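These protein sequences, in sequence, are chains A and B. The letter at position 288 of the first sequence is residue 288 when you use our numbering, and the numbering goes up by one with no holes. The letter at position 236 of the second sequence is residue 236 when you use our numbering, and the numbering goes up by one with no holes.
Since the hints were derived computationally from the structure, they do not count as laboratory data. The model shown is predicted, which means the values in this text are computed figures rather than measured ones. One or more of the hints may lead you astray.
Treat identical chains as interchangeable: a pair holds within one or across any two.
As the list claims (entries may be wrong) - Taking lysine to aspartate or glutamate pairs in the EDC-like style, the calculated list, with each CA pair at most 20 Å apart, reads:
id, residue 1, residue 2
1, K3, D25
2, K278, D171
3, K279, D171
4, K278, E51
5, K220, E59
6, K3, D105
7, K65, E275
8, K292, E84
9, K97, E317
10, K278, E258
11, K292, D157
Number of protein chains: 2
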Amino acid sequence: MSKIPVTLGIDIGGTNTVFSFIDFDGNCIKTGQIPTRGQEPAEKLVKRLYESIEKSFEELKSLYKRVGIGIGAPNGNYFRGTVEYPPNLNWEIAPVKELIQQYYDMPTAITNDANAAAIGEKVYGAARDMKDFIVITLGTGLGCGIMVNNQLVYGADGFAGELGHTTVFPDGRQCGCGKRGCLETYASAPGICKTVLMFLAEETIDSLLRTIPPAQLTSKMVANAAQKGDPIALKAFNYTGRILGMKLADVVAFSSPEAIFLFGGLAKSGTFIFEPTKKYMEGFLPPVFRNKVPLLPSALKNKNIAVMGASALILNELKA
Amino acid sequence: MSKIPVTLGIDIGGTNTVFSFIDFDGNCIKTGQIPTRGQEPAEKLVKRLYESIEKSFEELKSLYKRVGIGIGAPNGNYFRGTVEYPPNLNWEIAPVKELIQQYYDMPTAITNDANAAAIGEKVYGAARDMKDFIVITLGTGLGCGIMVNNQLVYGADGFAGELGHTTVFPDGRQCGCGKRGCLETYASAPGICKTVLMFLAEETIDSLLRTIPPAQLTSKMVANAAQKGDPIALKAFNYTGRILGMKLADVVAFSSPEAIFLFGGLAKSGTFIFEPTKKYMEGFLPPVFRNKVPLLPSALKNKNIAVMGASALILNELKA
Numbered sequence: 001m002s003k004i005p006v007t008l009g010i011d012i013g014g015t016n017t018v019f020s021f022i023d024f025d026g027n028c029i030k031t032g033q034i035p036t037r038g039q040e041p042a043e044k045l046v047k048r049l050y051e052s053i054e055k056s057f058e059e060l061k062s063l064y065k066r067v068g069i070g071i072g073a074p075n076g077n078y079f080r081g082t083v084e085y086p087p088n089l090n091w092e093i094a095p096v097k098e099l100i101q102q103y104y105d106m107p108t109a110i111t112n113d114a115n116a117a118a119i120g121e122k123v124y125g126a127a128r129d130m131k132d133f134i135v136i137t138l139g140t141g142l143g144c145g146i147m148v149n150n151q152l153v154y155g156a157d158g159f160a161g162e163l164g165h166t167t168v169f170p171d172g173r174q175c176g177c178g179k180r181g182c183l184e185t186y187a188s189a190p191g192i193c194k195t196v197l198m199f200l201a202e203e204t205i206d207s208l209l210r211t212i213p214p215a216q217l218t219s220k221m222v223a224n225a226a227q228k229g230d231p232i233a234l235k236a237f238n239y240t241g242r243i244l245g246m247k248l249a250d251v252v253a254f255s256s257p258e259a260i261f262l263f264g265g266l267a268k269s270g271t272f273i274f275e276p277t278k279k280y281m282e283g284f285l286p287p288v289f290r291n292k293v294p295l296l297p298s299a300l301k302n303k304n305i306a307v308m309g310a311s312a313l314i315l316n317e318l319k320a
Numbered sequence: 001m002s003k004i005p006v007t008l009g010i011d012i013g014g015t016n017t018v019f020s021f022i023d024f025d026g027n028c029i030k031t032g033q034i035p036t037r038g039q040e041p042a043e044k045l046v047k048r049l050y051e052s053i054e055k056s057f058e059e060l061k062s063l064y065k066r067v068g069i070g071i072g073a074p075n076g077n078y079f080r081g082t083v084e085y086p087p088n089l090n091w092e093i094a095p096v097k098e099l100i101q102q103y104y105d106m107p108t109a110i111t112n113d114a115n116a117a118a119i120g121e122k123v124y125g126a127a128r129d130m131k132d133f134i135v136i137t138l139g140t141g142l143g144c145g146i147m148v149n150n151q152l153v154y155g156a157d158g159f160a161g162e163l164g165h166t167t168v169f170p171d172g173r174q175c176g177c178g179k180r181g182c183l184e185t186y187a188s189a190p191g192i193c194k195t196v197l198m199f200l201a202e203e204t205i206d207s208l209l210r211t212i213p214p215a216q217l218t219s220k221m222v223a224n225a226a227q228k229g230d231p232i233a234l235k236a237f238n239y240t241g242r243i244l245g246m247k248l249a250d251v252v253a254f255s256s257p258e259a260i261f262l263f264g265g266l267a268k269s270g271t272f273i274f275e276p277t278k279k280y281m282e283g284f285l286p287p288v289f290r291n292k293v294p295l296l297p298s299a300l301k302n303k304n305i306a307v308m309g310a311s312a313l314i315l316n317e318l319k320a
């Protein structure tokens with residue numbers, strides 16, 4: 001009997017690195033994880049990962065064969081096979097693809113989390129029949145994966161999709177990138193918390209959020225407060241949606257996607273973030289684009305979404 | 001002796017429609033033009049165009065053979081072969097590709113002016129070796145042609161590249177599209193004239209431009225005044241460059257092009273527009289993109305640039 005082919009999806013996160021063996025229909029056959037330990041060199045992570053993967057695959061190897069490896073990582077560079085200055089890892093420039101291929105002689109590709117999410121949506125999710133769409137990840141930062149004519153847009157140096165660092169207010173909030181007023185300082189999980197603080201300062205109305213120390217405030221708390229009708233929380237979602245909607249309208253005018261997917265921690269706030277974002281996006285769109293571009297949640301609604309995206313990256317190449 | 005193949009490039013403008021027979025090396029063998037007469041239906045233009053083309057080709061036909069037709073037109077839609085609600089023509093939706101093909105049984109393609117300029121730069125100009133680049137046309141409006149991975153980006157409905165209608169100031173200048181604060185109300189030939197008026201109102205300093213009635217002011221006059229050191233003209237170029245530079249930085253962060261080309265009436269102001277645009281663009285770029293993306297003039301510096309772009313559109317398809 002011939003063995004069933006699976007891809008190996010790897011998601012390198014700030015805290016944990018998750019891997020999964022995934023069949024061509026998108027079923028995660030088996031999933032494992034190890035701590036990333038970002039203060040150690042990438043070589044050590046890859047060695048530990050190899051050991052864990054081999055142990056995990058032991059019981060699968062009579063039935064399955066591995067045919068390719070996809071990797072999602074913060075600042076993963078598709079062209080160079082590297083992870084470059086990842087925000088929460090002490091790596092500078094790590095040749096992760098090359099390190100993996102020292103253990104595995106099979107097709108391997110790496111990209112960043114948002115690109116992996118986009119290709120995951122294309123291969124396994126709600127964008128199977130779409131050629132042009134955009135995935136926005138609203139987490140600690142704002143990431144963006146762009147699909148044009150059935151291809152991920154990497155750009156000249158592999159770093160396309162930095163929508164999070166486009167400018168909203170030239171003299172606005174300090175961004176981790178060194179600039180001020182970047183979109184992700186407004187439209188992200190920490191961004192909406194900053195907006196709550198701004199409204200707590202500007203308004204006198206009562207709010208459940210006045211009792212929470214700023215350092216402990218999370219976007220989930222803001223969503224919970226909005227659920228209870230808290231006026232500051234609702235104002236914060238409206239403000240976030242206005243800014244995100246304006247920049248998404250720019251994205252639509254520029255690249256004319258079929259749909260935009262919102263994804264990640266802040267997107268879990270559901271209608272609180274979708275409704276104002278959609279409303280303002282429509283208002284900022286040139287008439288020719290209005291009521292044409294749906295704003296959708298990801299169809300990959302499970303905890304394995306990051307590894308599925310990584311797996312989709314290589315599956316897409318194997319099928320090409 | 002076998003005949004030399006040529007493409008027929010057609011540029012439909014608000015006033016005139018120009019056509020040219022262009023060989024595969026980009027030489028315009030012969031060029032002609034007729035008035036567009038935009039108040040008449042498109043059928044009539046195409047009929048007159050056919051007659052003029054045939055007359056013009058008469059003396060060429062022993063040496064050359066026509067192998068394809070490329071058309072550039074305002075709001076030309078590649079997918080549908082149409083020109084849709086063109087700003088200066090009374091056509092609503094005109095099936096121009098189909099009309100042309102009633103006279104010519106050969107490969108035909110249509111797109112908008114900015115896309116034609118981009119493909120022209122790729123096929124005949126300075127972008128021959130580039131896979132990812134952007135062409136910005138700064139004329140009556142602001143157009144944008146996007147090349148990603150050697151392909152023009154049309155988007156889901158063929159109207160990608162509407163950078164001119166992205167938002168700079170949500171409550172800013174009234175735009176012809178119905179919105180307020182669109183980029184092209186600032187960065188275009190009429191846009192810089194509006195900026196001159198703004199500074200004439202805000203500042204008390206002397207200016208050559210105070211003697212010109214607003215309805216007669218042109219971007220060329222502003223450039224001439226800047227040439228003479230006029231402080232209002234210089235401020236207007238600086239302001240225009242800041243806004244354009246900020247939005248081009250957004251474009252770079254989003255799509256990571258190898259270079260950006262500036263083109264059209266306002267781009268002819270040379271260093272007055274290039275220098276501030278480049279300076280501010282660099283300031284607004286996330287660090288990872290800085291000093292990597294040159295801002296270049298088009299290499300297609302002649303009056304046939306629009307028909308060359310149109311010709312390039314079809315030549316590119318014939319070669320594919």
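Okay, the hints, checked on the actual structure:
| no. | hint | verdict |
| --- | --- | --- |
| 1 | K3 with D25 | within (15 Å within a copy, 54 Å between copies) |
| 2 | K278 with D171 | between (26 Å within a copy, 19 Å between copies) |
| 3 | K279 with D171 | between (26 Å within a copy, 17 Å between copies) |
| 4 | K278 with E51 | neither (46 Å within a copy, 50 Å between copies) |
| 5 | K220 with E59 | neither (39 Å within a copy, 75 Å between copies) |
| 6 | K3 with D105 | within (18 Å within a copy, 53 Å between copies) |
| 7 | K65 with E275 | neither (45 Å within a copy, 57 Å between copies) |
| 8 | K292 with E84 | between (37 Å within a copy, 17 Å between copies) |
| 9 | K97 with E317 | within (15 Å within a copy, 36 Å between copies) |
| 10 | K278 with E258 | within (14 Å within a copy, 32 Å between copies) |
| 11 | K292 with D157 | between (31 Å within a copy, 9 Å between copies) |
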